[in-house]
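Visitor: Here are the chains, one letter per residue:
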Amino acid sequence: MSGILGYARQGGRPGIRNVLVSIHTVECSAFVSQRIAEMDPRVHALGFPGCYRNEYAARLMTALATHPNVGAVLLVSLGCEGTDAGHMAEAIRTSGRPVEVVRIQEAGGTLAAIEQGRAAAARMLGEMDRTQRVPMSVSDLVVGTECGGSDATSGIAANPAVGHAFDLLADGGGTVIIEETLEMIGCAEIVARRGVNGDVARRLREAVEKAERFSLQIDQFSFAPGNHEGGLTTIEEKSMGAFAKCGTRPVQGVIKVAERPGGKGLYVLDSVPDDHPFLFGYSNPNDSEGILDLISCGSHIVAFTTGRGSVIGSVISPVLKVCGNPKTYARMSGDMDVNAGRIMTGEASIEEVGREIFQSIVEIAAGRLSKSEALGHREYFIPYKVQDLCAEV
Amino acid sequence: MPQAMALVLDAADNVAVALDEILPGAELRLSTGETISAREQIPFAHKIARSSIAAGGAVLKYGVPIAFATQTIEAGAWVHGHNSKSYFVAKKEAQAG
Numbered sequence: 178m179s180g181i182l183g184y185a186r187q188g189g190r191p192g193i194r195n196v197l198v199s200i201h202t203v204e205c206s207a208f209v210s211q212r213i214a215e216m217d218p219r220v221h222a223l224g225f226p227g228c229y230r231n232e233y234a235a236r237l238m239t240a241l242a243t244h245p246n247v248g249a250v251l252l253v254s255l256g257c258e259g260t261d262a263g264h265m266a267e268a269i270r271t272s273g274r275p276v277e278v279v280r281i282q283e284a285g286g287t288l289a290a291i292e293q294g295r296a297a298a299a300r301m302l303g304e305m306d307r308t309q310r311v312p313m314s315v316s317d318l319v320v321g322t323e324c325g326g327s328d329a330t331s332g333i334a335a336n337p338a339v340g341h342a343f344d345l346l347a348d349g350g351g352t353v354i355i356e357e358t359l360e361m362i363g364c365a366e367i368v369a370r371r372g373v374n375g376d377v378a379r380r381l382r383e384a385v386e387k388a389e390r391f392s393l394q395i396d397q398f399s400f401a402p403g404n405h406e407g408g409l410t411t412i413e414e415k416s417m418g419a420f421a422k423c424g425t426r427p428v429q430g431v432i433k434v435a436e437r438p439g440g441k442g443l444y445v446l447d448s449v450p451d452d453h454p455f456l457f458g459y460s461n462p463n464d465s466e467g468i469l470d471l472i473s474c475g476s477h478i479v480a481f482t483t484g485r486g487s488v489i490g491s492v493i494s495p496v497l498k499v500c501g502n503p504k505t506y507a508r509m510s511g512d513m514d515v516n517a518g519r520i521m522t523g524e525a526s527i528e529e530v531g532r533e534i535f536q537s538i539v540e541i542a543a544g545r546l547s548k549s550e551a552l553g554h555r556e557y558f559i560p561y562k563v564q565d566l567c568a569e570v
Numbered sequence: 300m301p302q303a304m305a306l307v308l309d310a311a312d313n314v315a316v317a318l319d320e321i322l323p324g325a326e327l328r329l330s331t332g333e334t335i336s337a338r339e340q341i342p343f344a345h346k347i348a349r350s351s352i353a354a355g356g357a358v359l360k361y362g363v364p365i366a367f368a369t370q371t372i373e374a375g376a377w378v379h380g381h382n383s384k385s386y387f388v389a390k391k392e393a394q395a396g
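Taken in order, these protein sequences are the chains called A and B.
Last residue of the first sequence? That's 570 in the numbering used here, and every number before it is there in order.
Last residue of the second sequence? That's 396 in the numbering used here, and every number before it is there in order.
Please keep in mind that the hints were generated in silico from the structure rather than gathered at the bench.
Keep in mind that the hints are not guaranteed to be accurate.
The calculated BS3-like cross-link candidates involving lysine-lysine, where the alpha carbons are at most 25 Å apart (straight line), are [said to hold, decoys possible]: (1) Lys390(B) / Lys387(A); (2) Lys391(B) / Lys387(A); (3) Lys387(A) / Lys384(B).
Could you build all of it, start to finish, from the sequences and the hints given here?
Guide: Written out as structure tokens, the structure reads:
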């Protein structure tokens with residue numbers, strides 16, 4: 178028995194948390210949204226800073242608002258920005274979630290909007306308290322993985338250990354997602370061979386080749402002198418060290434940001450902007466964006482590997498930190514959930530740490546707070562981007 | 300469990316990763332249980348050949364080719380940019396003429 182008691186969602190996968198998201202639809206309404214969120218720790222604030230409408234950002238925010246871990250939604254709009262809060266509210270309402278919109282210009286300014294938003298949120302939190310609880314198993318879980326603050330230990334300790342946990346999750350009927358096609362550069366053929374069939378192999382090859390074009394065009398092709406000193410000989414070796422996070426099972430499909438995996442097993446998330454007639458678009462600017470992209474695809478939990486150390490968490494879904502560098506772990510243990518540095522010191526095998534990560538994922542799904550979650554980390558990042566869904570191409 | 304000093308990431312690999320600074324002549328225990336003698340100094344987190352690799356042969360790590368040998372690499376030798384090269388970079392260079 179997994180012991181996971183989830184939150185039932187109408188016509189969708191159950192959640193492991195029950196949060197209310199307060200979403201600002203432009204930077205001008207971010208302050209009001211954040212002040213509303215201060216009323217209750219179950220309210221998570223996030224949003225998009227841009228004023229000009231961006232299809233990608235609107236789709237991403239709608240996917241986050243209808244994430245399994247989200248029980249209700251408050252949209253905080255200024256009133257004249259490009260993102261249409263009313264249209265978004267309709268899409269969220271069809272998911273069965275309570276949703277309300279506060280428009281600052283209509284409400285009558287800062288204080289009136291905060292008061293209106295808090296009253297609406299209080300009503301919805303009351304509704305959320307009555308959410309039906311349902312037993313969940315590993316096969317109901319979606320888990321993503323991402324790395325950041327990497328060092329020489331990442332590719333040999335933390336990443337392979339998460340990979341082993343991903344094999345255990347996939348074998349248990351769960352769904353797992355790896356992001357970062359930018360970190361599969363030089364390995365298009367190797368990655369393509371992991372496709373479950375010819376169509377998936379073609380999609381994987383295309384996604385990695387797009388990442389190669391992107392990185393060359395924006396001069397983000399990264400094989401730093403530090404990588405070489407750290408023992409990495411080639412870009413292929415660096416890429417395979419990052420790819421080790423996803424384990425060894427066949428890839429069932431390629432998805433884009435805000436798309437949910439169509440089945441169980443391993444999926445690759447292509448978060449790189451699509452080729453655009455005028456410009457390629459924007460880079461993946463930081464780790465928080467990658468984590469939020471994985472959550473937009475339905476990840477209940479994200480396993481984050483680090484070597485030098487990272488402290489970030491996320492809105493909506495718990496982030497589990499796996500640290501492969503024993504010295505970093507000793508220095509920053511208050512932020513780290515799993516010590517994969519024991520692989521480096523010979524105290525544990527990759528498989529042993531992998532099983533510990535799997536167990537931690539089950540415990541966090543059952544309600545235990547991850548370190549970053551308990552510390553109150555609530556990072557998010559939504560940039561402008563242009564991307565077509567895989568379902569459309 | 301005895302202290303493993305070099306980690307083999309996949310059973311098919313012909314290299315192992317040093318978990319410590321390795322001195323020339325050191326008898327090294329691999330995570331697979333086998334032992335190997337280091338022919339030269341191997342820095343922390345760098346690769347040591349588990350078996351000999353012919354010139355042009357693939358360097359296997361994570362069970363896949365991550366480079367090709369530019370010269371014969373003996374078992375126990377340090378494997379890095381001086382004796383191996385990226386397929387991806389070689390292909391880009393060939394395309395650039």
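Visitor: Confirm or reject each hint.
Guide: Hints versus structure:
1. Lys390(B) / Lys387(A): Satisfied, since the Cα-Cα distance of roughly 17 Å is no more than 25 Å.
2. Lys391(B) / Lys387(A): Given pair Lys391(B), Lys387(A) holds - Cα atoms ~15 Å apart, limit 25 Å.
3. Lys387(A) / Lys384(B): With a Cα-Cα distance of about 23 Å, the restraint between Lys387(A) and Lys384(B) holds, given a limit of 25 Å.
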